[in-house]
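Chemist: All chains should be built: construct the whole structure from the sequences, respecting the hints.
Residues per chain are reported as follows:
2 protein chains.
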Amino acid sequence: MDPFPTSPPDQTPEEEIAREVGLWRPFTQAVRDLVDASVLTAVDEDEIRAAQAEIEQIVSRLRKEQLSETLGMTHRPNGRRRPWGNPVIGVRNPIAPPLVVRTEATGRAESDFHCGAAYEGPPGLVHGGVVSLLLDQMLGQAVGAGGRPGMTGTLTIVYRTGTPLGDLRCEAWIERHDEVKTWAKGHIIGPDGVTAEAEGVFILPRWVRERMAAAAAGEDVPPVPGLRIFE
Amino acid sequence: MDPFPTSPPDQTPEEEIAREVGLWRPFTQAVRDLVDASVLTAVDEDEIRAAQAEIEQIVSRLRKEQLSETLGMTHRPNGRRRPWGNPVIGVRNPIAPPLVVRTEATGRAESDFHCGAAYEGPPGLVHGGVVSLLLDQMLGQAVGAGGRPGMTGTLTIVYRTGTPLGDLRCEAWIERHDEVKTWAKGHIIGPDGVTAEAEGVFILPRWVRERMAAAAAGEDVPPVPGLRIFE
Numbered sequence: 001m002d003p004f005p006t007s008p009p010d011q012t013p014e015e016e017i018a019r020e021v022g023l024w025r026p027f028t029q030a031v032r033d034l035v036d037a038s039v040l041t042a043v044d045e046d047e048i049r050a051a052q053a054e055i056e057q058i059v060s061r062l063r064k065e066q067l068s069e070t071l072g073m074t075h076r077p078n079g080r081r082r083p084w085g086n087p088v089i090g091v092r093n094p095i096a097p098p099l100v101v102r103t104e105a106t107g108r109a110e111s112d113f114h115c116g117a118a119y120e121g122p123p124g125l126v127h128g129g130v131v132s133l134l135l136d137q138m139l140g141q142a143v144g145a146g147g148r149p150g151m152t153g154t155l156t157i158v159y160r161t162g163t164p165l166g167d168l169r170c171e172a173w174i175e176r177h178d179e180v181k182t183w184a185k186g187h188i189i190g191p192d193g194v195t196a197e198a199e200g201v202f203i204l205p206r207w208v209r210e211r212m213a214a215a216a217a218g219e220d221v222p223p224v225p226g227l228r229i230f231e
Numbered sequence: 001m002d003p004f005p006t007s008p009p010d011q012t013p014e015e016e017i018a019r020e021v022g023l024w025r026p027f028t029q030a031v032r033d034l035v036d037a038s039v040l041t042a043v044d045e046d047e048i049r050a051a052q053a054e055i056e057q058i059v060s061r062l063r064k065e066q067l068s069e070t071l072g073m074t075h076r077p078n079g080r081r082r083p084w085g086n087p088v089i090g091v092r093n094p095i096a097p098p099l100v101v102r103t104e105a106t107g108r109a110e111s112d113f114h115c116g117a118a119y120e121g122p123p124g125l126v127h128g129g130v131v132s133l134l135l136d137q138m139l140g141q142a143v144g145a146g147g148r149p150g151m152t153g154t155l156t157i158v159y160r161t162g163t164p165l166g167d168l169r170c171e172a173w174i175e176r177h178d179e180v181k182t183w184a185k186g187h188i189i190g191p192d193g194v195t196a197e198a199e200g201v202f203i204l205p206r207w208v209r210e211r212m213a214a215a216a217a218g219e220d221v222p223p224v225p226g227l228r229i230f231e
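Going down the list, the sequences are from chains A and B.
Numbering-wise (full-length UniProt numbering), the first sequence opens with residue 1 and increments by one.
Numbering-wise (full-length UniProt numbering), the second sequence opens with residue 1 and increments by one.
Think of the hints as simulated: they come from the structure by calculation, not from any bench.
Keep in mind that this is a model prediction, so the values were computed, not measured.
A couple of the hints might just be wrong.
Remember, identical chains collapse to one label, so a pair may be satisfied in a single copy or spanning two.
Quick list of in silico lysine to any residue cross-link-like pairs, SDA-like style, CA-CA up to 25 Å [to be verified]: (1) 64 x 123; (2) 181 x 220; (3) 181 x 103; (4) 185 x 222; (5) 181 x 97; (6) 181 x 102; (7) 64 x 33; (8) 185 x 17; (9) 64 x 45; (10) 64 x 16; (11) 185 x 199; (12) 181 x 19; (13) 64 x 166; (14) 64 x 26; (15) 181 x 164; (16) 64 x 21; (17) 181 x 161; (18) 185 x 166; (19) 181 x 209; (20) 181 x 206; (21) 181 x 167; (22) 181 x 147.
Modeler: Written out as structure tokens, the structure is:
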């Protein structure tokens with residue numbers, strides 16, 4: 001959650017973005033299904049080897065033309081953020097479960113999602129590090145939604161009990177903030193209640209702090225959509 | 001890092017395990033390459049749709065026979081642990097970079113690894129939650145290697161600076177322990193030094209604590225390989 005002001009604004013029309021999502025979402029879901037099938041399959045070795053050869057073929061075709069920079073580098077700052085490569089929410093990232101996040105401008109984020117076999121740590125449970133991955137993202141979403149985006153400064157996870165694989169819910173919200181830091185909390189909820197709690201400190205990116213300093217010095221700082229600090 | 005005593009010991013001979021690794025490692029690497037190609041490809045839409053259709057075909061073939069339980073549930077406790085589904089180190093998990101971990105019985109773990117575009121959070125940087133995922137695993141490896149396995153109780157990450165995508169190193173070690181808890185620390189090192197630090201508290205699993213209580217009560221508790229507590 002760190003909009004960078006150096007990228008040019010994304011001028012892509014809504015319909016074009018919707019069309020691109022319509023292309024990438026099912027493709028990425030197919031790769032995600034392949035990841036899941038990979039950790040669960042019990043077919044015989046010949047079938048595994050045949051699948052491998054076909055996958056290698058597909059990879060070499062997909063690699064014929066590649067982006068000159070990562071998806072994150074083409075990240076758009078101005079109300080049109082497209083974090084498609086994000087490993088938690090990215091519509092183009094097969095590693096992402098993906099979480100579909102609902103946010104509120106009060107600084108709140110929530111998501112109902114599913115964690116399958118590829119996210120397993122202890123038997124039948126979500127890997128503790130995956131729990132922290134999801135919570136870091138969700139706390140970041142909450143502070144971003146609240147108009148106080150930032151890089152994670154510190155993150156603390158308290159594991160109350162194992163988080164079972166399956167359908168889960170994550171909630172995050174802003175607790176408080178000072179000029180530069182925002183404190184957020186969140187938790188993951190399984191079928192039997194809260195399994196893990198998080199607290200994070202997020203630090204406003206330097207370009208935001210520079211604009212704040214410029215505004216304080218009386219300079220005319222134009223508002224940035226979604227960034228309530230200058231409103 | 002939580003060996004469960006309920007699974008039967010893995011009787012598979014070494015050569016058979018090596019053969020299975022020889023099958024799964026290149027297959028999983030092909031899927032991992034596909035994940036990477038998915039977030040980086042710039043081929044045209046027809047090619048994406050064609051690849052999707054072929055991937056869906058492969059998935060349905062792999063799903064014809066599936067394991068009756070997740071890989072974690074078939075996890076082996078007795079010195080023959082096979083965490084093949086683990087999302088950080090699993091030889092059968094395409095989500096895992098994967099980390100190849102060297103451990104020392106003093107309670108130390110280290111790994112040199114690569115994080116590509118699929119792990120990106122802020123532009124050009126590893127997602128902060130991925131940083132915590134890797135550190136959680138590595139701290140768990142350190143306490144396990146030190147003969148004090150455990151479930152993560154709390155995990156705190158301090159982000160010193162962004163962790164650049166690319167070649168990285170992670171180190172973790174046991175700091176101290178009391179009867180039930182083990183404190184571990186670790187960090188990730190990029191080309192310019194430490195980027196993030198972690199501290200975690202790991203709690204001995206219940207079955208270990210029960211054996212400890214039994215031993216304290218004078219019962220004859222047989223040693224468990226790799227678990228130095230009863231030696």
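Chemist: It remains to establish, for every hint, whether it holds in the given structure.
Modeler: Structure-based check of all given hints:
1. 64 x 123: between (39 Å within a copy, 23 Å between copies)
2. 181 x 220: So residue 181 and residue 220 pass the 25 Å test inside one copy only (23 Å; across, 55 Å).
3. 181 x 103: within (20 Å within a copy, 37 Å between copies)
4. 185 x 222: Cα proximity of residue 185 and residue 222: none, with 30 Å in one copy and 44 Å across.
5. 181 x 97: neither (29 Å within a copy, 32 Å between copies)
6. 181 x 102: within (23 Å within a copy, 37 Å between copies)
7. 64 x 33: Intra 23 Å, inter 13 Å, cutoff 25 Å: intra and inter.
8. 185 x 17: neither (32 Å within a copy, 44 Å between copies)
9. 64 x 45: between (29 Å within a copy, 13 Å between copies)
10. 64 x 16: Classified as within; 24 Å inside a copy, 37 Å across copies.
11. 185 x 199: both (4 Å within a copy, 19 Å between copies)
12. 181 x 19: Intra 38 Å, inter 52 Å, cutoff 25 Å: neither.
13. 64 x 166: Between copies, since 21 Å is at most 25 Å while 37 Å is not.
14. 64 x 26: This pair counts as both: shortest intra-copy Cα distance 21 Å, inter-copy 21 Å.
15. 181 x 164: Answer is between: at 23 Å across copies they meet the 25 Å cutoff, but 33 Å inside does not.
16. 64 x 21: within (22 Å within a copy, 30 Å between copies)
17. 181 x 161: Only across copies: residue 181 and residue 161 sit 15 Å apart there, 30 Å inside one copy, limit 25 Å.
18. 185 x 166: Within one copy, since 23 Å is at most 25 Å while 30 Å is not.
19. 181 x 209: within (11 Å within a copy, 41 Å between copies)
20. 181 x 206: within (12 Å within a copy, 39 Å between copies)
21. 181 x 167: neither (32 Å within a copy, 30 Å between copies)
22. 181 x 147: For residue 181 and residue 147, only the intra-copy Cα distance (12 Å) is at most 25 Å; the inter-copy one is 40 Å.
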